[in-house]
Amino acid sequence: MKSIWKGHIQFSLVTIPIQVFNAVEADSQISFNQLHKSDNGRVSYKKVCKKCDQDLATEDIAKAYEYSPDQYVIIEDTDLSKIKLKSTRAIEINHFVELHDVHPTLFESVYYIGPHGDIAKKTFQLLVQTLAKSKKAGVGRIVLRDREDMVLLTAHDNGLIMYKLRFPNEIRKINQVPDLENTTIDDGQLKLAETLVDSLSTSFDKLVFQDRYHDALNDIIQAKIQGNETIKSEQTVETTPVIDIMTALKQSIEAAKDKRIGA
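Using my numbering, read the sequence shown as starting at 1 and increasing by one per residue.
Derived by calculation from the structure, the hints in this document are not laboratory data. None of these values were measured; they are calculated from a predicted model. One should not assume that every hint holds.
[To be verified] No farther apart than 30 angstroms at their CA atoms in a straight line, the calculated lysine-lysine pairs in the DSSO-like style are these:
#: 1; residue 1: K6; residue 2: K135
#: 2; residue 1: K164; residue 2: K206
#: 3; residue 1: K86; residue 2: K121
Assemble the whole structure, with the sequences as input and the hints as a guide.
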């Protein structure tokens with residue numbers, strides 16, 4: 001696995017040489033090209049001015065911010081250079097927090113971290129084992145692609161996971177969702193719902209994750225490559241909607257029991 005960034009973790013006076021890796025497999029998703037239907041030629045796109053219909057080269061294009069409808073300010077490269085952050089090649093850890101205190105909406109992307117060089121291995125494992133034993137996560141900053149990001153570091157097996165975090169101003173408040181009301185629920189319904197949750201509860205690592213859309217799409221692609229256009233689709237079982245919530249809960253509990261017995 002090829003690293004995407006090399007530097008060091010720094011907290012207080014401790015410095016650990018590390019390297020960062022993408023945790024997500026870039027080639028795992030199927031992507032398409034666009035072709036001209038009549039001759040299978042690849043499609044390209046021109047950049048055209050909507051005002052004068054002129055084809056534009058890269059040097060003809062300016063960055064602009066629309067601050068009101070059809071009103072723009074031009075942002076020059078010199079403007080951006082003034083706020084460009086110099087990479088220190090360091091993940092600066094300033095605080096340690098409980099992982100459950102970090103709301104999941106803040107997580108943006110995930111990376112793996114390993115030691116860089118034999119000399120770093122022991123100190124790296126010291127940090128990994130300290131985080132694992134304390135059940136804490138390190139919060140710090142990193143400069144990637146001229147932009148400073150907040151990151152969260154957690155121990156995982158013998159390595160570290162780094163989560164790039166969204167800033168709070170990027171997250172909408174849940175109270176913006178309409179029709180969220182604190183409605184009084186019947187005790188009987190609540191008890192049955194809790195029973196259903198208990199009957200369906202399991203450990204997360206026992207769940208089977210399968211991207212069924214990806215698998216089905218890959219089957220179609222492979223069949224077409226081999227000249228076989230016939231693909232049998234997976235049949236979905238239609239369920240009759242149950243209007244009465246108590247009846248639905250009771251039926252769901254029985255179905256969950258039968259499923260466990262069958263397993």
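Right, here's what the structure says about each hint:
1. K6 - K135: 26 angstroms, holds
2. K164 - K206: Holds, at about 27 angstroms.
3. K86 - K121: Given that 30 angstroms is the threshold and the Cα spacing comes to 27 angstroms, the pair holds.
Consistency note: the structure conflicts with none of the earlier hints.
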